[in-house]
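Since chain A is already given, all that's left is putting chain B on it; use the hints.
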Amino acid sequence: MKIDWAALGSVFGVSLVVTVALVGLFTLGIVGLSKQEQARTATAGGGTGALPARLGAYACFALCAAAVSYGIYLIVV
Amino acid sequence: MENITLLLGIVIVTALVFDFTNGFHDTANAMATTISTGALKPKTAVAMSAVLNLVGAFLSVEVAKTISGGIINEDGLKTEVIFAALVGAILWNLLTWLLGLPSSSSHALFGGLIGAAVMSMGWSSVNGGTVVTKVLLPAVAAPLVAGIAASLATRLTYRISSRTDEKATSKGYRAGQIASAGLVSLAHGTNDAQKTMGIITLALITGGVLNPGANPPLWVIVSAGVAIALGTYLGGWRIIRTMGKGLTELAPQQGFAAQTSAATAILASSHIGFSLSTTQVCSGAVMGAGLGRKGGVVRWSTATRMFVAWGLTLPAAGLVGAGAELLTKQGDWGVAVTAALLIGGSAVIWSLSRRQPVDHTNVTADEIGATGAARDGEPAGVVTTAIAAVTPPPAGALATASVGAPEPPMSENTASVADPARPATV
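Protein chains in written order, with the numbering used here: chain A, 1 to 77; chain B, 1001 to 1426.
So here's chain B without its partners, still in its complex pose:
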């Protein structure tokens, strides 16, 4: 550990920050429906999820040997590229949190990596086919798989229990829901904390501190587990609110069906080998459960915003990652500027979030100040400004993409935007 350079230190801290945002971004996956159906009190739910995340981090020793799963060529990956990728992923995670939109933290990381790698090593470092099979296709498949299962299960459970007293049964459903939510938390801890351990280990290997193929040292395992658990405990209340109440209203039966289908789909996907994003599986399950009940409604406007966020995750995080890599390439001062921008950007997002706080006291309330409609209205002028400030670049990219390069569609978005800067870097 004695020859950890300053840059390496910064990367490790940034990776832990990413792990932290990953934790509070994804609390919603396991606990949103549990909180909204009243199965657990908000604080109890996030505490349980945090503990299970921490336990999950220690359960498995199968560390992710590649951080991108083959999306980019990781040979000769430089430490600052990892740093730039993390900056992109963190900022996108914070922004979607501010907007209360569940989006995949892994896809944000992939996006950041793609952007940073392209900026650093050119387009040949990105494997376009893998982007389609690992990011685009699962984004479509995950909500369908979990949603169909959840809606059928909801239908079935309403049919079987139609002649029993609702009060007597809801207690049982809540217990079942807690069990399946626990499984989701545990699986999340094993997967996502592992991811951060993988990143730190890879950074240590590229920095020459560890030998190639080494397992992560104990301090890496502990700090990654603690970071994700802390993030989870802090609770991404905004996203919990969207998933628990914003997409649809859930009764205990539906919450149970949704959570069970999410847990099953996550476990099935990680063991059959077609990896699906936890966030997308859970959102799909919630919508499916909403549709499965007679007269159930899904708020498609919220769902549409969520789908748009999924689509933008890769290009947006990629853009930020590319920009960050452009800066870090300039040398030490570039790294310092990037770090300052990351801290500044996070502070701005945090202070924006304070104007209309969502926390454990009002997470299941029907109205937050004037939320709901106000999201697009007056106090949420903040939110609108934030969207306006951030979305134009990728939106413009989408528009120009059709003109684009002979790359697969997802890469084009980043391509056309990254292009102007490329001549300077190649």
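The following block holds chain A by itself, in its conformation from the complex:
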């Protein structure tokens, strides 16, 4: 009987890092969007403060979408 501790360890490590990173990114995106909403209502009509927050949020969501696509790629191939 040979237990593949290395494989178990890497499943553990990968799951931990990827989950925390993805959830963190997604949360940042959501927070960014809601900040942008706040900024817009504050300056009435899209002030300058809204833009970086929105871009940042979209970047976060894009990274998450990329991760999901990679997940689908892993399932298919």
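Treat the hints with care, as some may be off.
Unchecked claim - Restricting the straight-line Cα-Cα distance to at most 20 Å, the calculated cross-link-like pairs of lysine to aspartate or glutamate (DMTMM-like) are:
no.	chain 1	residue 1	chain 2	residue 2
1	B	Lys1041	B	Asp1359
2	B	Lys1167	A	Glu37
3	B	Lys1294	B	Asp1165
4	B	Lys1041	B	Glu1249
5	B	Lys1078	B	Asp1332
6	B	Lys1294	B	Glu1249
7	A	Lys35	B	Glu1166
8	B	Lys1171	A	Glu37
9	B	Lys1329	B	Glu1074
10	B	Lys1167	B	Glu1249
11	A	Lys35	B	Asp1165
12	B	Lys1171	B	Glu1249
Hints were generated in silico from the structure; no laboratory data involved.
Same frame as chain A, now just chain B:
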């Protein structure tokens, strides 16, 4: 296809029934948290999961060449052994469904196979070391891996979003949760529908219909995909309820963290090569997410029942599988009796479930009639009776196991119980 015997036909139908129970047993994995946090309506959630399961079945052509992954020696595996194994797996799946406990369908299948193979070919056909590395260790590792990841992720997401309006963000979390639940469904379809295709293909090969090494014919792929999708669509509401509400209460953030950690752990395990059970990963993720929130609680009584069910899956399905193999060995009438018992047993479990139905209308309700406490109380006398009727054999086996044979612990349970019958069969 012209020389499919009656037995082979029965095996194919039984395999599809197993696939069906696998589908509705495992809907909870992908969709329980999605339903309980309100991200999707119950019917929409199971429909989405069913479609993704069906798609998943067609995505991959990498058919499982071994059904047990090396746990038993499959050379010379007879068709009726596969049948007996399936009977054990199906009955255990139905029973755990009745009790609303998430347990691994693959482990039920492994258990059935071990029981049937031991009855048919003796202990040498089981590879004890593989049982430990493929079943026991993952059962401990899966909830830890997914649970720790989910609890850290939950903590992080609460910290980052602490100063935002909860209403504004929950919509976003729900969208994220739907995406990760979709991934889990897709992965489930690819893995579990493949498993049934593998079983049918293997049965066709042992029955001499297909050449060894052949790929499954199209009708096998289609029927396996449809069976698992139908089962998923029917929805194992009882298990969904346990996972979505019974273990802990989940807010959208937690549901998202749990589902993401489950999807990641499943994909990581299937690609790094340490296979973890989807069910156990998802249950662990839900508990981890429950613990990750400040003041979050996990209902340990439900969790304990679930852990006990995990522990019993292998020996219990093994016992039924062994019993079924003992019958099918007797010849055609034995096979007929086994099939009748399978149908009868399923009918009994189904009618018991009707006394206290859980369906899409009340799956997220706080109380079902008098559920919760009533599980162990009055109307659930049914459930208690069912437990009483079924658990004693394995429990007794556990007690006598310490006396047991020089086999690894998990096998001993089945050993001591299967033993009395062995002299008659060897």
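We went through each hint and held it up to the structure:
Of the pairs offered as hints, the one joining Lys1041 of chain B and Asp1359 of chain B holds, with about 12 Å between alpha carbons and a cut-off of 20 Å not exceeded. With a CA separation close to 13 Å, the supplied pair Lys1167 of chain B and Glu37 of chain A stays within the 20 Å bound. Proposed proximity of Lys1294 of chain B and Asp1165 of chain B is supported: the alpha carbons are some 18 Å apart, at most 20 Å. Between Lys1041 of chain B and Glu1249 of chain B, the direct Cα distance comes to roughly 17 Å. Compliance with the 20 Å bound is thereby established for this hinted pair.
With a C-alpha separation of about 14 Å, the suggested pairing of Lys1078 of chain B with Asp1332 of chain B holds against the 20 Å cut-off. Pair hint Lys1294 of chain B plus Glu1249 of chain B holds up; C-alpha atoms about 12 Å apart against a cutoff of 20 Å. A threshold of 20 Å between alpha carbons decides the hint, and for Lys35 of chain A with Glu1166 of chain B the separation of about 12 Å falls inside it, so the pair holds. Pair hint Lys1171 of chain B plus Glu37 of chain A holds up; C-alpha atoms about 14 Å apart against a cutoff of 20 Å.
Taken as a hint, the Lys1329 of chain B and Glu1074 of chain B pair is honoured in the structure, with Cα atoms around 17 Å apart against an allowance of 20 Å. The hinted pair formed by Lys1167 of chain B and Glu1249 of chain B meets the criterion: a straight-line CA distance of about 18 Å does not exceed 20 Å. Between the alpha carbons of Lys35 of chain A and Asp1165 of chain B the distance comes to roughly 10 Å, so the proposed pair stays at or under 20 Å and holds. A C-alpha spacing of about 18 Å is found between Lys1171 of chain B and Glu1249 of chain B, which places the hinted pair at or below 20 Å, so the restraint holds.
Every hint, counting from the list given before, is met by this structure.
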